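Protein chains in written order, with full-length UniProt numbering: chain Z, 1 to 180; chain B, 1 to 340.
Think of the hints as simulated: they come from the structure by calculation, not from any bench. All of these numbers come straight from a predicted model, not from anything done at the bench. All residues carry an ideal CB built from backbone N, CA and C; glycine is no exception. Accuracy of the hints is not assured; some may be wrong.
[To be verified] Residues from chain B that face chain Z, not an exhaustive set, calculated with beta carbons under 7 Å:
#1 S9
#2 T13
#3 L272
#4 T284
#5 K286
[Stated by the list, open to error] Cross-link-like lysine-lysine pairs, in silico, DSS-like; alpha carbons within 30 Å at most:
#6 Z/K96 x B/K286
#7 B/K253 x Z/K72
#8 Z/K75 x B/K246
#9 Z/K115 x Z/K25
#10 Z/K148 x B/K176
#11 B/K246 x Z/K15
#12 B/K122 x Z/K96
#13 Z/K75 x B/K174
[As the list claims (entries may be wrong)] Label-pair restraints from in silico Cβ distances:
#14 Z/T169 x B/I49: 55 to 65 Å
#15 B/I258 x Z/D29: 14 to 24 Å
#16 Z/S34 x B/I274: 17 to 27 Å
#17 B/T284 x Z/I54: 45 to 55 Å
#18 Z/G170 x B/R196: 17 to 27 Å
#19 B/G249 x Z/S102: 26 to 36 Å
#20 B/I258 x Z/T169: 38 to 48 Å
#21 Z/S102 x B/R252: 43 to 53 Å
#22 B/E266 x Z/T169: 54 to 64 Å
#23 Z/D138 x B/F247: 54 to 64 Å
Now for the letters of each chain:
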Amino acid sequence: MRPLTQEETNTFFEKLSKYIGENIKLLIDRQDGSYCFRLHKDRVYYMSEDQLKIGSSAAGDTILSIGSCFGKFTKSGKFHLLITALDYLAPYAKHKVWLKSSAEQQFLYGHHIMKSGLGRLTEDTEQYQGVIVYNMNDLPLGFGVAAKSTQACRNCDPMTIVVFHQADTGQYIRDEETLT
Amino acid sequence: MIMADGKQSVVDTVLSQSNDVRLETNQIENEELIELDEGNLLAVNENKIDTKNFKVKNEDILLALTRDATQVLFNSLWKLPVEQKDGAFLITLPESQTWLPREKHVPKKRPPTKWEEYAKTKGILNKKKSRMIWDEQSQEYKPRWGYKRANDATKDWLIEVPDNADPYEDQYEKRKTAKRERVAKNELQRLRNVARAQKSKVPGLGLTPTEKPSKDHLSKALAVAHKSTASIGKFTDRLPKEKPSKFTGKKRKFEPSIGNFGSEKEKQLKMLDIVSKKVPTINTTKAANRILRQDEEQRAQEKKSKKTPKKLKGRKATLGLGKPGRQGGGNKKTRGKRKR
């Protein structure tokens, strides 16, 4: 377990800022205690200082998970957000997408979101902007990337993909063995 | 399968006489619509297909069309001159008319070598030299190079020791090593050209002794020599004020896991500030979208305002709400001020 290097922090923040913008500050600078990001086995974990101190007393290769996993670095050095980060992304989300109840299951099975399943969409969403996906009861279901801007969404046919799927809460069941 | 011309007529008569339905004629309708290329034994039937029936029994129709084309092909083959050899009848096929695409790619041109590139920039042209040259010694023409060449230096039975040369040096051996080195150099350059052509990394020579080593070359050699011990240079003595070589790799170093949390937080916040400054404050697409939306809204309002007079006939009109918000022309400064 170690802190992120300068480069790693940069790529990580860049990815995170696509979803929550400058609200990353609120994750780093918290009133209720000291929190930090740590890299362990190519995965980034978000934990409190107390958790870190307890965790670092264990041998590195015995730790499976500590705090909550935000995502992982790929072998080529890119950063992938994982569904476990949703709890921290959802409250600070800049751009949101609401799903119709009919399309909810499709999304939770790992499919992209079509225009037909789109309930609502935050104004001024750009193309390839990270969006958090909610159902109509404002329950966060996952996140994705806007395939079309809000303007372009208005006049496209119902079968076009509007949001690319990235992670959904269905993964807690589907990818149970790999999520940490 | 192959028959002579004489027998053709026999077959014709047999076919015409027999009433068997299975035996079909060799006379085909619309024969001119079937394109033939005897060279490739190819027949293309361009007859129209009855589309109505085709859906129902396409297999039969296709078979019939193929038979017709094949029959026409064979008819035309029989018209070619036939020769007999060992009891078999042979036809020499004419030149094929259809061009078949070649099986393999057109070979690529060999990329130029380094010398060829250089010669092109300098405008150096190859002069054609004759292969045979006059040999004075044997008084006859001999090849310029290779086996039994003219003026062969290796066949010299005596070599003059040059001035300032070591008298005990073997001049024959000297020539031989020089030749060997030239061959080795040429081979290396050939390999380099191959590597360059394949865009792979040109193999370096490593650290070979050179006549005039550069400063970089020397310090690289020093760094290599430092590490060339059994313990990878751990116990190599250093000079008192020796700087670490820039040619040794750097070890990566990480911050401690439990270190100064305050400074870590500060560092990250500073990084975020830098990132946020990089992002342009004016988002062009967003701005364009906003203007588009404003236009839309304006148009919608104009539509509405056309309808309003009807509604305003009633109570609202008396209240004075019917007046548009802004009145009067003029420029920004004078607008609205005149009233006062």
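**Item:** Hint check against the structure, violated hint numbers in rising order
**Value:** 1, 2, 4, 9, 10, 11, 12, 13, 18, 19, 20 and 22
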